[in-house]
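Visitor: Sequence:
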Amino acid sequence: MNTKRYIFKLLLYTFIMIFISKVMYPQSDISWVSGKVVDKKDTPIELANIAIVGEIGGTTTDKSGKYKLQVPSNKEIVLAATYVGYAVKRVKVKLKSGESKVLNIRLESISTDLPGFEVKDEQLRTQSMVRLNPKDANLAPSLTEGVSDIIKTLPGVTSTNEMSSQYSVRGGNFDENLIYVNDIEIYRPFLVNSGQQEGLSFVNSSLVSSLLFSAGGFGVEYGDKMSSVLDVTYRTPDEFGGSFSASLLGAELDFGGTALNNRFTYLFGARYKSNSYLLNSLETQGEYKPEFMDIQSLFSYKLSDKWDLSFLGYYSRNKYKVIPSNRETDFGTFQEVIRFKVYFDGNETDRYDLYQGGLTLRFKPTKSTNLKFILSAFNTNESETYDIQGQYWIGQVETSLGSEEFGEAVQTQGIGTYLLHARNYFKARVISAEHKGTTIKENNVLKWGIRYQNQQIDDKLREWEMVDSAGYSIPNPSPNPGSANPDNPDFILKDFVSANNSLSTNRFVAYASSQWNIVTKNNSEITLTAGLRANYWDFNQEFLIAPRGNFSYKPAKNPDLVFRFATGIYYQTPFYREMRGLDGTINNNVKSQKSTHFILGGDYRFTTWNRPFIFTTEVYYKMLDNLIPYYVENLRIRYLTDQTAKGYAAGIDFKIYGEFVKGIDSWLSLSIMQTKEDIYDDFYYDYYNSDCEIIYPGITLNNSVTDSVLVEPGFIPRPTDQRVNFSIFFQDYIPNHPYLKMHLRLLFSTGLPFGAPDTERYAHTLRMPDYRRVDIGFSYQFINEGSSFKSGNPFKHFKNMWVSLEIFNLLQIYNTVSYVWIKDINNRQYAVPNYLTPRLLNIKLTAEF
Numbered sequence: 001m002n003t004k005r006y007i008f009k010l011l012l013y014t015f016i017m018i019f020i021s022k023v024m025y026p027q028s029d030i031s032w033v034s035g036k037v038v039d040k041k042d043t044p045i046e047l048a049n050i051a052i053v054g055e056i057g058g059t060t061t062d063k064s065g066k067y068k069l070q071v072p073s074n075k076e077i078v079l080a081a082t083y084v085g086y087a088v089k090r091v092k093v094k095l096k097s098g099e100s101k102v103l104n105i106r107l108e109s110i111s112t113d114l115p116g117f118e119v120k121d122e123q124l125r126t127q128s129m130v131r132l133n134p135k136d137a138n139l140a141p142s143l144t145e146g147v148s149d150i151i152k153t154l155p156g157v158t159s160t161n162e163m164s165s166q167y168s169v170r171g172g173n174f175d176e177n178l179i180y181v182n183d184i185e186i187y188r189p190f191l192v193n194s195g196q197q198e199g200l201s202f203v204n205s206s207l208v209s210s211l212l213f214s215a216g217g218f219g220v221e222y223g224d225k226m227s228s229v230l231d232v233t234y235r236t237p238d239e240f241g242g243s244f245s246a247s248l249l250g251a252e253l254d255f256g257g258t259a260l261n262n263r264f265t266y267l268f269g270a271r272y273k274s275n276s277y278l279l280n281s282l283e284t285q286g287e288y289k290p291e292f293m294d295i296q297s298l299f300s301y302k303l304s305d306k307w308d309l310s311f312l313g314y315y316s317r318n319k320y321k322v323i324p325s326n327r328e329t330d331f332g333t334f335q336e337v338i339r340f341k342v343y344f345d346g347n348e349t350d351r352y353d354l355y356q357g358g359l360t361l362r363f364k365p366t367k368s369t370n371l372k373f374i375l376s377a378f379n380t381n382e383s384e385t386y387d388i389q390g391q392y393w394i395g396q397v398e399t400s401l402g403s404e405e406f407g408e409a410v411q412t413q414g415i416g417t418y419l420l421h422a423r424n425y426f427k428a429r430v431i432s433a434e435h436k437g438t439t440i441k442e443n444n445v446l447k448w449g450i451r452y453q454n455q456q457i458d459d460k461l462r463e464w465e466m467v468d469s470a471g472y473s474i475p476n477p478s479p480n481p482g483s484a485n486p487d488n489p490d491f492i493l494k495d496f497v498s499a500n501n502s503l504s505t506n507r508f509v510a511y512a513s514s515q516w517n518i519v520t521k522n523n524s525e526i527t528l529t530a531g532l533r534a535n536y537w538d539f540n541q542e543f544l545i546a547p548r549g550n551f552s553y554k555p556a557k558n559p560d561l562v563f564r565f566a567t568g569i570y571y572q573t574p575f576y577r578e579m580r581g582l583d584g585t586i587n588n589n590v591k592s593q594k595s596t597h598f599i600l601g602g603d604y605r606f607t608t609w610n611r612p613f614i615f616t617t618e619v620y621y622k623m624l625d626n627l628i629p630y631y632v633e634n635l636r637i638r639y640l641t642d643q644t645a646k647g648y649a650a651g652i653d654f655k656i657y658g659e660f661v662k663g664i665d666s667w668l669s670l671s672i673m674q675t676k677e678d679i680y681d682d683f684y685y686d687y688y689n690s691d692c693e694i695i696y697p698g699i700t701l702n703n704s705v706t707d708s709v710l711v712e713p714g715f716i717p718r719p720t721d722q723r724v725n726f727s728i729f730f731q732d733y734i735p736n737h738p739y740l741k742m743h744l745r746l747l748f749s750t751g752l753p754f755g756a757p758d759t760e761r762y763a764h765t766l767r768m769p770d771y772r773r774v775d776i777g778f779s780y781q782f783i784n785e786g787s788s789f790k791s792g793n794p795f796k797h798f799k800n801m802w803v804s805l806e807i808f809n810l811l812q813i814y815n816t817v818s819y820v821w822i823k824d825i826n827n828r829q830y831a832v833p834n835y836l837t838p839r840l841l842n843i844k845l846t847a848e849f
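Using our numbering, read the sequence shown as starting at 1 and increasing by one per residue.
These aren't lab readings, by the way, just hints derived from the structure by calculation.
Using N, Cα and C, we set each Cβ at its ideal position, and we do this for glycine too.
Accuracy of the hints is not assured; some may be wrong.
Keeping only pairs whose Cα atoms sit at most 16 Å apart, straight-line, the calculated EDC-like set for lysine to aspartate or glutamate is [what the hints assert, rightly or not]:
hint	residue 1	residue 2
1	K63	D39
2	K89	D39
3	K321	D353
4	K796	E848
5	K594	D468
6	K89	E785
7	K436	D183
8	K341	D824
9	K427	E442
10	K594	E578
11	K646	D682
12	K372	D308
13	K447	D183
14	K594	E542
15	K36	D62
16	K591	D224
17	K494	D468
18	K494	D308
19	K66	E46
20	K591	D538
21	K662	D758
22	K319	E287
23	K92	E76
24	K372	D305
25	K364	D305
Ranges of calculated distance between the beta carbons of each label pair, as one might list FRET restraints [unchecked claim]:
hint	residue 1	residue 2	range
26	L810	F563	37 to 43 Å
27	T585	E542	16 to 22 Å
28	D560	S276	49 to 55 Å
29	L766	S276	32 to 38 Å
30	L582	F798	53 to 59 Å
31	F563	L103	42 to 48 Å
32	E542	L582	19 to 25 Å
33	L493	L845	49 to 55 Å
34	T585	V803	53 to 59 Å
35	L582	V724	42 to 48 Å
36	E442	Y604	50 to 56 Å
37	N381	A756	51 to 57 Å
38	Q411	D353	47 to 53 Å
39	D495	F798	54 to 60 Å
Based on the sequences and whatever the hints tell you, model everything.
Guide: Written out as structure tokens, the structure reads:
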């Protein structure tokens, strides 16, 4: 019976569809368009979409790029051919009844505008630079801003904090990375000590036209940092347009255009971010009130054919306030679970106001010579204030599955109270004047530049911590803790720092480099670059000269293969953070840190599955000297300015980039690295008892010292020593629906070294757990350049519009960013992990007009 009903319904449905097709499209009114869709190399494009603008339906091309589409007759229509990574092609067609027409279509690649590591960018292949795609930064799922999250997927780059835009490169720290926007050096806030406080980074991905990144071996035209450089160029609009986006994490708006017969261009961007949704997912519960906003503008005016003037302006206001209430953290092993509870009183209020501007006058006397004169200024006004009391309890949790108290705390191991206080105020002003020039001859590129910089710092620091356990302060000067009449009623703060520093210094920089492009007799190509960079700092009367060079070779027999070698000296002159010790005092004898780079690498272009790929590898060794040792607390770098060290960083990077899915770019990166340092003149003693055992206070029973041995620790892991780092940035789409896309970002890094507080640097050899994270985003573009709307439809003003669903921390892995150290009643010290964000969802709407 059910089978008969099914057959009847099927026949009825078929009859209705045939009837509708005959009525709506009589045979005499039907025409056909067929043909082939290819790229500019005449390579067939599979799964390209062919549709009539303004109507539902269409068809897709087969493996040979061929298609066939039924169209109405005696009516002018517009056919649109679309494919991911290519510009929309529109063709007007009008056919007679029953007519068939062959229409071949060639699509032009828009390379999504600058494909990641541009496979065809021959100039960059000879240097230690890679080009990134700004559009990938806008599409990738991100808790911060997209540019830094894309950089974190590159080989040699690591980050273990998704709430921060900071990253480490080949064993360096956050302070060792250069960022330029339109030739102006960018600075970050100084008092930020956690990802929750950081706010917005400078680079606005919606304004970017070009992204260049180097993980080492960069030229003398870039400044005095030891690890990496990010060179950003904002776009110059040629017509009015812009975009906006809104999500659970904030909103953005940008627009730009031209005026005065295209002699004047303007670009404007504004961003607002609120991390409340994000912060309320953390273990520390409370009332979070973060507000981060910034405004950027770029104005350009063409004075004449040879002169033009531009101004880049930036203002950022980052406010962070939290009133914590409580926290509960479980940690330990499966057999021994420890629970840490804290109840808070007080609050924290931080504010960072940053201003930055740059005026650039460009003169182009000839087509081959470009001269720039740049005036820039940076000003920051920061405050960090908090009074927070935490009353904590630590105990053991029942882990026996058969127990009625399973999962409950059954044994108290410690109670106490701590009080944190800070009144920190920081002001800095940096004014720079520089000239840089470039001249290009037939086989030679000459670059030069000079720069003067004045730096003024005003730092007021006052912070302390008091710990009270079992009714008395730690440390306690009284010989009788708990006594009703202690010998000395005064207590000692566990940590106390107070300083008031003012600093005014001047720096002078000059550089020059020359690049020769040589073609050998057998048509092989050689590129040789050599340059010098000189630096003088009046604070310590230090004059430094740093030579740098680059060599590349492209064999004529295999032009898809390029070999590179880069070397050079990279000095990092202290700015301020590296000069201030843990006690707040300034080290007047501080010297510039030094890194000597040796980088050997190459890339190979190949085609597989009829798609382009590029494989890149680099092996490097960095010889480090005059290092200032440090340790890291979340995002705060604590420099040990009274110590110096030597060290090294060595590793190998791999990267494969290409169209794993046709027409859309993805890449995989793998890095293996080791970095260590040897602090000068550090040592300790091992004490032995009469049983020839090393004495460990509180552990060994025989503590009678009979012998001692001097131990020099030698090389120890640096705080950024991550042995293995693996990352994926992968994009995909539904074959017949290319506007439905997926973007995935995977990060894996082995654990970082750390150590207990109030211990020497050589003891920081413990390891955090591995950092593992997967973020995924799904986007659907429901308006594109091929869309057609009626005159009254408000959506007709938009070029593109899509909605995204982002899932952060897809696998719900709780990564550790730092530790809180607590002692129990037996003086046993526990490292309580501070976990990062859990799984979160975000919905985002983006539109371009």
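Visitor: A separate judgement is required for each hint: does it hold in the structure or not?
Guide: Okay, the hints, checked on the actual structure:
1. With a C-alpha separation of about 14 Å, the suggested pairing of K63 with D39 holds against the 16 Å cut-off.
2. Annotation: proposed proximity of K89 to D39 holds, straight-line Cα distance about 12 Å (limit 16 Å).
3. The suggested pairing of K321 with D353 holds, with an alpha-carbon distance near 15 Å, which does not exceed 16 Å.
4. Distance check on the hinted pair: K796 and E848 sit about 11 Å apart at the alpha-carbon level, within 16 Å; holds.
5. Taking the CA atoms of K594 and D468, the gap is near 43 Å; set against the 16 Å cutoff, the hint is violated.
6. With a C-alpha separation of about 10 Å, the suggested pairing of K89 with E785 holds against the 16 Å cut-off.
7. Of the pairs offered as hints, the one joining K436 and D183 holds, with about 9 Å between alpha carbons and a cut-off of 16 Å not exceeded.
8. Distance restraint check for K341 and D824: the Cα-Cα separation of roughly 13 Å lies within the 16 Å cut-off, and the hinted pair is therefore satisfied.
9. Distance check on the hinted pair: K427 and E442 sit about 48 Å apart at the alpha-carbon level, beyond 16 Å; violated.
10. Only pairs whose Cα atoms come within 16 Å are accepted, and K594 paired with E578 is accepted, the gap being roughly 13 Å.
11. Taking the CA atoms of K646 and D682, the gap is about 12 Å. The hint holds against a cut of 16 Å.
12. Restraint check: the Cα-Cα separation between K372 and D308 comes to about 10 Å, which is no more than 16 Å; the hinted pair holds.
13. About 14 Å separates the Cα atoms of K447 and D183, which keeps this hinted pair within 16 Å; it holds.
14. For the suggested pair K594 and E542, the alpha carbons sit about 13 Å apart, so the restraint of at most 16 Å is met.
15. Restraint check: the Cα-Cα separation between K36 and D62 comes to about 9 Å, which is no more than 16 Å; the hinted pair holds.
16. For the hint pairing K591 with D224, the CA-to-CA distance comes to about 13 Å; that is within 16 Å, so the pair holds.
17. A distance of roughly 10 Å separates the Cα atoms of K494 and D468; the hinted pair therefore holds under the 16 Å criterion.
18. Of the pairs offered as hints, the one joining K494 and D308 is violated, with about 59 Å between alpha carbons and a cut-off of 16 Å exceeded.
19. Taken as a hint, the K66 and E46 pair is honoured in the structure, with Cα atoms around 8 Å apart against an allowance of 16 Å.
20. The hinted pair formed by K591 and D538 meets the criterion: a straight-line CA distance of about 12 Å does not exceed 16 Å.
21. For the hint linking K662 to D758, the alpha-carbon distance of about 55 Å lies beyond 16 Å, and the restraint is violated.
22. Using a Cα cut-off of 16 Å, the hinted pair K319 and E287 holds, with the two alpha carbons roughly 14 Å apart.
23. The straight-line distance between the Cα atoms of K92 and E76 is roughly 7 Å, inside the 16 Å bound, and the hint therefore holds.
24. Under the criterion of a C-alpha separation no larger than 16 Å, the hint pairing K372 with D305 is consistent with the structure, at around 15 Å.
25. At most 16 Å may separate the alpha-carbon atoms for a hinted pair to count; K364 and D305 meet this at roughly 8 Å.
26. In this structure the hint that L810 and F563 lie 37 to 43 Å apart at CB holds, the actual value being about 39 Å.
27. In this structure the supplied range 16 to 22 Å holds for T585 paired with E542, their Cβ-Cβ distance being about 20 Å.
28. Distance hint for D560 and S276: a CB-CB separation of about 51 Å, consistent with the stated range 49 to 55 Å.
29. Between L766 and S276 the CB atoms are about 34 Å apart, so this pair conforms to the stated range of 32 to 38 Å.
30. Checked against the hint of 53 to 59 Å, the C-beta distance between L582 and F798 comes to roughly 55 Å, which is consistent with it.
31. Between F563 and L103 the beta carbon distance is about 46 Å. The supplied range of 42 to 48 Å therefore holds.
32. The hinted window of 19 to 25 Å between E542 and L582 holds, with their beta carbons roughly 23 Å apart.
33. Hint check: L493 to L845, Cβ distance near 51 Å, so the stated range 49 to 55 Å holds.
34. Checked against the given bound of 53 to 59 Å, the beta carbons of T585 and V803, roughly 54 Å apart, stay inside it.
35. In this structure the supplied range 42 to 48 Å is violated for L582 paired with V724, their Cβ-Cβ distance being about 32 Å.
36. Range check, E442 to Y604: about 29 Å between beta-carbon atoms, so the 50 to 56 Å window is missed.
37. Between N381 and A756 the CB atoms are about 35 Å apart, so this pair departs from the stated range of 51 to 57 Å.
38. At about 49 Å, the beta-carbon gap between Q411 and D353 stays in the expected band of 47 to 53 Å.
39. Under the hint 54 to 60 Å, the C-beta atoms of D495 and F798, about 56 Å apart, fit the expected range.
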